[in-house]
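Protein chains in written order, with my numbering: chain A, 77 to 168; chain B, 370 to 479; chain C, 127 to 262; chain D, 58 to 181.
Quick caveat, the hints were computed from the structure, so don't treat them as lab data. Hints should not be assumed to be uniformly reliable.
Pair by pair, the computed Cβ-Cβ distance ranges are [as the list claims (entries may be wrong)]:
#1 B:E443 <-> D:Q86: 26 to 32 angstroms
#2 A:F88 <-> B:K460: 30 to 36 angstroms
#3 C:E218 <-> B:K460: 27 to 33 angstroms
#4 D:R141 <-> B:D380: 15 to 21 angstroms
#5 A:S133 <-> D:S123: 16 to 22 angstroms
#6 B:D396 <-> C:A155: 40 to 46 angstroms
#7 A:N145 <-> C:R159: 42 to 48 angstroms
#8 C:A155 <-> D:T115: 47 to 53 angstroms
#9 C:K203 <-> B:G445: 42 to 48 angstroms
#10 D:Q109 <-> B:E447: 54 to 60 angstroms
#11 A:N89 <-> B:N406: 27 to 33 angstroms
#12 D:L152 <-> C:E218: 26 to 32 angstroms
#13 A:A101 <-> B:Y455: 25 to 31 angstroms
Heads up, the beta-carbon is just placed ideally off N, CA and C, and yes, glycines get one too.
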Amino acid sequence: MSILHIVRSNGFNDDRLQQCLNLLAENDKLLLIDDGVYNVSHPTCASLTQAIFAIDSHCQARNIVEQGNVKQINIEEFVNLSEHAEKVITWQ
Amino acid sequence: MAIEFNNQQIDTDSQGYLLNINDWHKDLACIIAKEENIELTPAHWEVVNFVRDFYITYKTSPAIRALTKALKAEYGEEKANSRYLYRLFPKGPAKQATKIAGLPKPARCI
Amino acid sequence: MSSSQNSATNLQEMSPITVTRYAIINTSAPFDRLKGKESLDAALILASYEMDVSLFFIGNGVYQTQANQQAESIAHKDYLATFKALEFYDIEDIYLCQDSLTERGLATDSVFDDAQYLSAEQIKALLPQFDVVLTF
Amino acid sequence: MSRYALIVSTPPFDNKTQTALDFAKQLLQSGHQLLGVFFYQDGVTNANAFVQTPSDETNLLHAWQSFQQQSDTPLHLCISAAERRGLTDSNEAPLVHNISEGFTISGLGELVVLTSKADKTVQL
C-alpha cells in the first residue's frame, strides 16, 4: 500500500511541491491537479522515479501537453487511485 | 448590550459576555452569575478563577476535557470530572464559567 | 487504529467511534491567513473527542514554533500561546522538521518543551502509521 | 466500495472548488459512499446565499445544492469558520440569515465524526 500525494499549486509559485517531494516515499504516487499540473515541466519532477499522474481536463484547460513521465488520467481514475491508496495527503 | 456596574456601562456582546476581559471585577462576576441564576460559592470561584487564569496564560478557554485535566493537576480527582462541573454550572462550564470569568464567548463549534 | 483509549469524560454524548490516528501537518507561517489558527482549532477538537493527534511543523510551518513571537504587536490574536496548553488535550507528539529549521536559519529553540526534531526522511518514515493526514 | 469524507477549504470563486465537486460526483458514480462534505476554512463561503455569479459563469452554489438534492449527501458547514467570514444563521438585526438551503450547520465535532468513520479522507 502506498500514499497518494496530491499537489494543486504551481511549484514556481510556492513550496508545496517541494514539501510533498521531501516526503514522497519510493512506492508513493504523485497526482497533479488544478494549478499543480504546471509542475509537469518543473525540473524537480523530471527526475522522479515515482509514478506521476495529472488530471487530463486540468491539463487541457492550461494547454499542458503530454510529458514523458506523467500519465494523464480522468476524474474517474483519480477516484480509483484514491481508493487503492492507503491514504490521501493533499499539499494544499 | 451593557451591564451597569459601579455607575459605569460595561460593554457585552448580545449574549452577555464581556467584550473586554480587562473590564472584569470580582463584584461584576457576581452580577453576571446572578443573571445566570448562579450563587457563587467558593467551589464556583475555584473554577471561575481557574478558567480565567487558563485563558490569560493560554489565550483560549479550555474545552471541558482540558479543563478537567488541568483541574485534576491543581485540585485532585474529585473536582476534576464533568459531573461535578455541570452541577456547579448547569448550562455547561464552558459557557457559564467563562462568562462569569469575563472571558469571550467560546467559539460556537467548540 | 490505535488501541490507546482514554477514560476521560466525554464532552457530549455521541455514537461510539473508534480512535483514529491523525497527523496534522502545518506548512504555513503564523500569520498566513488563518491557516495556523484553524489548524489548531481542528487539533483541539479532535483531541477533545479522544482522537490520537500528532502535530507536525514542516516548511514555513516551523515559523509557528518559534519562541518569543509577539502577535499582539500587529494586532493579531496570540494563538501561539495556546500551544503551551496542548498537554491538557493529551497532544504530546509534536514533530518539528529539522531540515526546514536549518534551511531557514532558525534555532531549535521552540515554544514546545518537548518537541521532537526530525529530518524529512524520519518524518516520511512516520507517515504510514496515521489513518488520516490533514495539511494546513 | 469505500466510505469517503471530503473536506473543502476553497471559496466558490476558486476553480479548485469545482475539482472538489467533480470528485464528489465521481465518487458516487463509481459506487462509493460519501459520508459527507465538510466545508472548513474559506470553503464555508460556498454556502453564502448572497454570492452572485454572472449568469454566463458556473454557479457553484447552485451546483452544490443540486448535488445535495440529487445525492442526499450532507454538506456540513463549520459555523465558527463561517461566522467569521460573514455567514450567519441568525436573523437578529443587523444580521440576516444567509446560509443557503442544503447546507447543514455543524461544528468541528462533525469533522471528527466524518473523518473517523470514513475509510478515506480527502482534502480538496
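For this session: May I ask you to test the hint 47 to 53 angstroms on the CB atoms belonging to A155 (chain C) and T115 (chain D)?
Result: violated, 32 angstroms
Exercise. Has the hinted range 16 to 22 angstroms been met by the Cβ atoms of S133 (chain A) and S123 (chain D)?
Worked result: Given about 20 angstroms between the Cβ atoms, the range holds.
Problem set entry | 25 to 31 angstroms as the expected CB spacing between Y455 (chain B) and A101 (chain A), which holds or is violated | violated, 47 angstroms
Exercise. Should the hint that K203 (chain C) and G445 (chain B) are 42 to 48 angstroms apart at their CB atoms be regarded as holding?
Worked result: violated, 33 angstroms
Exercise. Is 42 to 48 angstroms a correct range for the gap between the Cβ atoms of N145 (chain A) and R159 (chain C)?
Worked result: violated, 34 angstroms
For this session: Could you see if the CB distance from F88 (chain A) to K460 (chain B) stays within 30 to 36 angstroms?
Result: violated, 54 angstroms
Exercise. Is it true that L152 (chain D) and E218 (chain C) lie within 26 to 32 angstroms of each other by Cβ?
Worked result: violated, 41 angstroms
Exercise. Falls inside 26 to 32 angstroms, the C-beta gap from E443 (chain B) to Q86 (chain D)?
Worked result: Violated - the Cβ-Cβ distance for E443 (chain B) and Q86 (chain D), about 55 angstroms, lies outside 26 to 32 angstroms.
Exercise. When you take the CB atoms of R141 (chain D) and D380 (chain B), is the distance between them in 15 to 21 angstroms?
Worked result: Between R141 (chain D) and D380 (chain B), where Cβ atoms are some 20 angstroms apart, the hint holds.
For this session: Could you check the hint for me, namely that N89 (chain A) and N406 (chain B) are 27 to 33 angstroms apart, CB to CB?
Result: Taking Cβ atoms as reference, N89 (chain A) and N406 (chain B) lie about 56 angstroms apart, which means the hint is violated.
For this session: For Q109 (chain D) and E447 (chain B), compare the CB-CB distance with the range 54 to 60 angstroms and indicate the outcome.
Result: holds, 58 angstroms
Exercise. Do E218 (chain C) and K460 (chain B) keep their Cβ atoms within the hinted range of 27 to 33 angstroms?
Worked result: Since E218 (chain C) and K460 (chain B) have Cβ atoms about 32 angstroms apart, the given range 27 to 33 angstroms holds.
Comparing the model with each numbered hint stated earlier shows that hints 1, 2, 7, 8, 9, 11, 12, 13 do not hold.
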